[in-house]
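Build the complex: two chains, separate frames, hints provided.
From first to last, the protein sequence lines stand for chains A and B. Just so we're aligned, residue 132 is where the first sequence starts under this note's numbering, counting upward by one. Just so we're aligned, residue -4 is where the second sequence starts under this note's numbering, counting upward by one.
Don't take each hint at face value.
[Stated by the list, open to error] With a straight-line cut-off of 20 Å between C-alpha atoms, the simulated PhoX-like cross-links for lysine-lysine are:
#1 LYS139/A with LYS28/B
#2 LYS196/B with LYS28/B
#3 LYS44/B with LYS171/A
#4 LYS186/A with LYS196/B
#5 LYS199/B with LYS186/A
#6 LYS44/B with LYS56/B
#7 LYS173/A with LYS199/B
Simulated from the structure, these hints should not be mistaken for laboratory data.
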Amino acid sequence: MSAFQIPKFRLPAFVATIGSRLPQWPHSLHMAAALNLVLKLKLLPEDTLTALEDKLFRVHVRDTGGIAHYTYRDGLFRPVFQPAREPDLAFAANLSAYLQLLTRQEDPDTLFFNRELEITGDTELGLIVKNMLDAIEFSQLRPRLPGLPLAGH
Amino acid sequence: MSSLPDLVCPAGSLPALKAAVDNGADTVYLGFKNDTNARNFAGLNFDAKTMAEGIRYAHGKGREVLMAINTFPQAGRVDHWRHAVDNAVDLGVDAIILADVGLLDYARNKHPQQRLHLSVQGSATSYEAINFCQREFDIRRAVLPRVLTLAQVENVIRNTTVEIEVFGFGSLCVMNEGRCWLSSYACGESPNTVGACSPAKYVKWDKQPGAMETRLNGILIDRFADDEPAGYPTLCKGRFDVQGETYYALEEPTSLNVLEILPEIIRIGVRAIKIEGRQRSPAYVTQVTRTLRAALDSLRDGAGRYQVKPGWQAELAKVSEGSQATLGAYNRPWR
Ligand code: SF4
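Next comes chain B alone, as it looks inside the complex (with noise of 0.2 Å):
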C-alpha cells in the first residue's frame, strides 16, 4: 500500500481556510484578489492582511499552503501577472499553480527555488506534455483536467517522475479544462481571460410563476420548475433544444465524487486529491473535508475493509450541484 495522497482543500476566505485546516486538510490552495486566478468572484478571496494570517494559520498547524496562479496573462498586462508571482515567493507559498507557460518560464528563471505545480487549466493530460513542462520549468505536481479515464490516470502515472494530483469532489467543467470558450461565447469573457466563468453580472435568475430561469446576458440557458434542483448559471450546463429535444446537451449539473474508487486512486499513486470549490462557503469546506479525510483515514491500514458509508454519501450528496453525484470521466467505457 502506497502512502496516502494529501488531501488539497479550497479556500476563498479566512474562515473557510480554517475550517478546511481544522477539519484535515493537509494543504489549502488560495487566490489574489483580482484576475490572476480562475475564481475571480465579487468579494471572493484574500486581500494582503487575510493572506498573512490565513499562511500562517496554516503553516502554524504544519499544513501546506498552494497559491492559484492560474489564468492566462493579457495582453500589456503581463506584468501584472508577473508581480503575482512574486508576490506569492514573498509570501512564502509552499508552490505556485500556474497554467501559462510564459508565466511558468519567468516563474522558474526568477525564482529558481520555489516550487512550482502545472494548473488543471494547463490542460496537460499526456505525460509527454507534463514531462516537457518538467524538463523546461522543473514542475513538481501536475494537476489532470477532469477527462482521463483512471487507466488514462495510471498510464500517466507510469511514465512520469511529476507528483499527480486529480480531482476528488466537486462540480464539474466540462472535458475541455483550460481550452473552455463557452463563457466567452456567450459573454466575452471567460476563466481564462478574467478568471470567471459566466461572471456574476451576467447572470439574471427570472423568478416566474411555478419556475425560475436562468439567463446569461439574455440567453436563456435554463428552466427550473420550483421543486427542480438548480445548478450553476454556466452555458455548458444549461439545457437546450437540440433537434426538437430539449436536455442537458452538453452536460448535467452534477458533482464529481470519487468515493467508491478511493482505494483505486491511491493504488496508481496519485499524490493528491483535490477538492473543488474555492467560491464556496466555509460550511462546505468543512463538509467535504471531514468527508474525504474521514475516508482517506479509514485506507490507513489498507483497502482490504474500506467500504463507503452511507453517511458520507449523504453529507457530500448535499452540497452536490443539482444534488447529484458522478464519477465523471473516470469510469467513462469510451474516451
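Only chain A is shown next, with the shape it has when bound in the complex (with noise of 0.2 Å):
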C-alpha cells in the first residue's frame, strides 16, 4: 500500500454551481477514453460485457456539479451528450469518494453502506459494474497510464 492516502473531501458548494453551468462533455470523453483503453487491453471480461451493451449508465460528482453519461456499444464505450432517457444506472458521490473507489482505497460496499455513494436504477447491472471494475489488474494498466494516481497495494 503506498503511503499516499485520499482523505475524504468535500468540495464548497460554489463549486458544483459553476460546474454544472459548465458544459459536461469533456469528462464524459475523459471517462469514455479512459474505459476504452482498459478495453484495448483486454482487462474486462467478454461475458460481463456483453451485459452492458446499449445501457445508459450516468456518473454525476456530487461537488464539481459534473454529470456525464455514457454507453457502450459495438465494442466501445462512447458519450452520450443529449440523454433521451433516464439511464439504466446512476452513480451520485462526491469527487473523494470517486477517487478513493478508483485507487481502490475504499470498497464500494463500504461507501454505499455509508451513503457517501448512491447507486440507482438497475441492481443488477450495478453489481455487474462493481464487480467489473474490482476486477481489473491495475497493475497492468498503470505502467500505460503513469499519470494517473493509483496507489499500489
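Have a look at this one:
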C-alpha cells in the first residue's frame, strides 16, 4: 500500500454551482477514453461486457456539479451528450469518494453503507459494473497510465 | 499457548486474491463463476484463466487455496456440481468446502486423496454431526455456523478431532445458516438453490426525497433517512412493523467482529479464522486481512499483553455493514 492516502473531502458548494453551468462533455470524453483503454488492454471480461450493451450510465459528481452520460455499444464506450431517456444505472457521489474508489482505497459497499455513494437504477447492472471494476488488474494498466494516482497494493 | 490459527480470507476476483495474499492471509477461499457457490453474483468470481493464475499466485507464496462448492445440487443438474468437484481437484486446490452430503459422498469416493471441509452451509452445530461427517466422508475441517456461544464452540472442539474454523469478521447471516429460506419466501431464490441471497435482479433502491427505500421483489424491507447507514437488502435485515412497532425484528445490519475475544478463540483451540465477504472489493479484503493479521501476530508470543488497538477497530468499523460491529452469538447469554 502506498503511503499516499486520499482523504475524504467535500468541495465547497459554489464549485457545484459553477460546475453544473459548464459544458458537460469534457469529462464524458475522458471517462469514455479511459474505459476504452482498459478495453483495449483486454482487462474487462467478455461475458460481462455483453451485459452492458446499449445501457445508459450516468455518473454525477455531486460537489463539482459534473454529470457525464455514457453507453457501451459495438465494443466501445461512447459518451452520450444529450441522453433521451433516464439512465439504466446512475452513480452519485462526491469527488473524493470516486477517487477513493478508483484507487481501491475504499470499498464500494463501504461507501454505499455509509451513504457516500448512491447507486440507483438497475441493481443487477450496478453489481455487474462494480464487480467488473473490482476485477481489473491495475498492475497491468499502471505502466500505461503514469499520470494516474493509483495507489499501489 | 497453542499455535496461531490460520487466517482464511475471501477472494471474489483476482485482485482481491492478490490483496489477501499480500496482506497476510494464510489461506484464500474462492468459487467458480456459477451457482455451485453461495456468492453467485453477476460479474463476481473466477473464470478458468483467472482461477489458474490465482491459484498459482497463492501457491507461489506458500499459501493455501480452498474452493467453495457450498450450494446444494438441484434436481436434474447434479452433474453440474460433480463436475465442479472434479474441476477443483484438477486445479490442485488444497481443500474443497462442501455442504451437501451427497456431494461429500461423491467427492470422497471419486477423489479419495482430496482434502474436504464441511461448509458453514452444512449447518453442523454439534460435535455429533461433525464426527458423523468425519466417519462417513473423512472431513478434515468444519466451519461452524455463527450461532454458537464461545463455550459451545469449546465444547465442540473438545469432542472432535476435526479441525474447527469459525468466523472472525463480516456480515452476519441470521441464525439458521444453510437452512434459511427467507430469500425464497420473497423472490423464490435463496443461497442454497441459486447461490445468492436476495439476488440483485429483485432488489430496487428507490430514492425518495429525504430517504431511500429498499424493495425486494416489490416488498418494502427498509427505508433509510439520508444520514442513516444502510445495509444489505436481505429480508433478515429489514425493518418490519411488529405489533405497532417498526424495528429490525430479525437482525440488525451489523458485522461480526471478534477482535475482543481473539485470545479466547486461540485458547480453546480454533484452527482457522474466516473472514466473510467474497462479494466485497479488493479494498475491503486489504483492510480486513491486514487488521486481523496484525491482531493475530500480536498474539504470537502469548495473550499476556494483548490489547485491541483503536486503529484496528476503526478500520474494521469503517467497512462494517451499518457501520456497527457485534460479537454475535459468541457472547450471547441465551442459547
Ligand atoms: S435472508 Fe439473511 S439469514 Fe437468510 S440467507 Fe439471506 S442473509 Fe442469510
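Original post:
Under the criterion that the straight-line Cα-Cα distance not exceed 20 Å, is the pair LYS186/A, LYS196/B satisfied?
Top reply: holds, 16 Å
Original post:
Between LYS173/A and LYS199/B, does the CA-CA distance stay at or below 20 Å?
Top reply: It is violated: about 31 Å lies between the C-alpha atoms, which goes past 20 Å.
Original post:
Are the Cα positions of LYS139/A and LYS28/B separated by 20 Å at most?
Top reply: Violated, because 34 Å separates the two Cα atoms, which is more than 20 Å.
Original post:
For the pair supplied as a hint, LYS196/B and LYS28/B, is the alpha-carbon distance within the 20 Å limit?
Top reply: Holds, because 17 Å separates the two Cα atoms, which is no more than 20 Å.
Original post:
Regarding the pair LYS44/B and LYS171/A, is the alpha-carbon distance no greater than 20 Å?
Top reply: The hint holds at about 18 Å.
Subject >> Restraint check for LYS44/B with LYS56/B, where alpha carbons must lie at most 20 Å apart >> reply: Cα-Cα ~19 Å, so holds.
Original post:
Would the pair LYS199/B and LYS186/A pass a check requiring their Cα atoms to be no farther apart than 20 Å?
Top reply: Cα-Cα ~17 Å, so holds.
When each numbered hint is compared with the structure, violations occur for hints 1 and 7.
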